[in-house]
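2 protein chains.
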Amino acid sequence: MSSPEIPKSHPRYESLLTRHRIEAGVDRGITSKQGLIAQGRGEAFDYLLGEETIDSAEEAERVAAAHLLRADHPVLSVNGNVAALTPREIVELAEATGSDIEVNLFNRTEGRIERIVEHLREHGASDIKGKTADGRIPGLDHERAKVDADGIGAADVVLVPLEDGDRAEALASMGKTELVIDLNPMSRSAQSAAVPIVDNLIRAIPNMTEHARSLADADGDELDSIVDSFDPKTALSDAERRIREE
Amino acid sequence: MSSPEIPKSHPRYESLLTRHRIEAGVDRGITSKQGLIAQGRGEAFDYLLGEETIDSAEEAERVAAAHLLRADHPVLSVNGNVAALTPREIVELAEATGSDIEVNLFNRTEGRIERIVEHLREHGASDIKGKTADGRIPGLDHERAKVDADGIGAADVVLVPLEDGDRAEALASMGKTELVIDLNPMSRSAQSAAVPIVDNLIRAIPNMTEHARSLADADGDELDSIVDSFDPKTALSDAERRIREE
Chain P
779 MSSPEIPKSH PRYESLLTRH RIEAGVDRGI TSKQGLIAQG RGEAFDYLLG
829 EETIDSAEEA ERVAAAHLLR ADHPVLSVNG NVAALTPREI VELAEATGSD
879 IEVNLFNRTE GRIERIVEHL REHGASDIKG KTADGRIPGL DHERAKVDAD
929 GIGAADVVLV PLEDGDRAEA LASMGKTELV IDLNPMSRSA QSAAVPIVDN
979 LIRAIPNMTE HARSLADADG DELDSIVDSF DPKTALSDAE RRIREE
Chain C
779 MSSPEIPKSH PRYESLLTRH RIEAGVDRGI TSKQGLIAQG RGEAFDYLLG
829 EETIDSAEEA ERVAAAHLLR ADHPVLSVNG NVAALTPREI VELAEATGSD
879 IEVNLFNRTE GRIERIVEHL REHGASDIKG KTADGRIPGL DHERAKVDAD
929 GIGAADVVLV PLEDGDRAEA LASMGKTELV IDLNPMSRSA QSAAVPIVDN
979 LIRAIPNMTE HARSLADADG DELDSIVDSF DPKTALSDAE RRIREE
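Chains as they are written, first to last, in this note's numbering: chain P, 779 to 1024; chain C, 779 to 1024.
Quick caveat, the hints were computed from the structure, so don't treat them as lab data.
Misleading hints may appear alongside valid ones.
Any copy will do: because identical chains look the same in the list, a pair fits if it lies in one copy or spans two.
[Stated by the list, open to error] In the EDC-like style, the derived pairs of lysine to aspartate or glutamate whose C-alpha atoms are separated by at most 20 Å in a straight line are: (1) K811 with E888; (2) K909 with D1009; (3) K924 with D944; (4) K1011 with E1023.
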């Protein structure tokens, strides 16, 4: 999934790499049509953000890492776009934080679950959840509600990058601490998160891993104080201001 | 291509219809992967615009209609997204303004040209240009440069909805009067247009047709005065203000 044909010095490297990975995801049957449209929406918001990790997002990424580290049962939810864009990066984050990985799709088909699991395995993941689907998120219709009972079903902290609004709200209503990566700070997903991260996935996931590694030796009090210092409303309004300003 | 399953009273009717048409376009081999991503970018900007035709866009649509009516050789350039989203609407605009239709693709393949021509024929078009490709736009590489010599090549006024920035700039450099529909007022396409229309295609094309019908009996002086009154910079800064404001 690397792209030898795109030189790292290219001014549009990140954007071209993203495009390359998402299209390869379609060709492999990992990314859906809805996923491509969602990618475009993200691109537009990232363009308005200046295509950089703003300070409040960097802080949110550190807070999210602290949440994962102090959780009893942290789970990273992976959909088609996440698997296509950051397969190795999500495996590294799981390792750095002791999190489980669960493949969980808005448009669920067993074939697509299978292909995503295989894709993550090729990038170093083992013991990937999401195929059992023996748990349900209350308040969602049947297919949308499916989770693994011992995965997202049992999680106290869940990272849901690029999640649909209905599902993000339903997960938050279950009392789970929800960490959301979403480039639109006005989205319901971002609004319902305990920690909204308004940043490009391709920058956010490696940043979270770096923070988790720096915090590996932090004690419970230090993690608590990082988590307690965070205000989601301030982070969201900062991101919206950055998007709106010229 | 109509959608009997989406009731017109649905609060998200326009958005759902758009989504339905663009996905059907993919299934028919009309819309490309790049087209789906572009669709998502447009959705994000439309969301920030309030998903309505702002006054300055309505004015630009009237001015664009006047340009087409007074042109010697007006051409409507149609790509995969335009064909998927507004096939009948583009045929009606061509009829109302005496314009030619040319299928012209950023990622040109003869198969896709063929399918788009067929799709437009099913929606009432006849004599569609774009298959000859015997003309070239100077300053673009081979495949990107292709146009019909007696279509866009000979046009004095060209409507390029949803066009790539390089191509929009190259067409403007040829001295053609360029009418651009683009939801991002900061894009190079919008910036290089004589008439930038910052509006959703699905609203813009029928509006232009309505204006063209109202202006059908206008004389040359009236059309000239409508065209001369327009300032693209003012229209762009108004649209950007609307996108940035909360």
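Can you give me the call for K811 and E888, within, between, both or neither, at a CA distance of at most 20 Å?
within (17 Å within a copy, 23 Å between copies)
Within, between, both or neither, where K909 and D1009 count as close if Cα-Cα is 20 Å or less
Cα proximity of K909 and D1009: none, with 35 Å in one copy and 58 Å across.
With identical chains treated as interchangeable, where does the CA-CA distance between K924 and D944 reach 20 Å or less: within a copy, between copies, both, or neither?
Result: close within a single copy only, 13 Å intra versus 45 Å inter.
Using 20 Å as the alpha-carbon threshold, which applies to K1011 and E1023: within, between, both, or neither?
both (18 Å within a copy, 19 Å between copies)
In summary, the structure is inconsistent with hint 2 from the numbered list given earlier, while agreeing with all the others.
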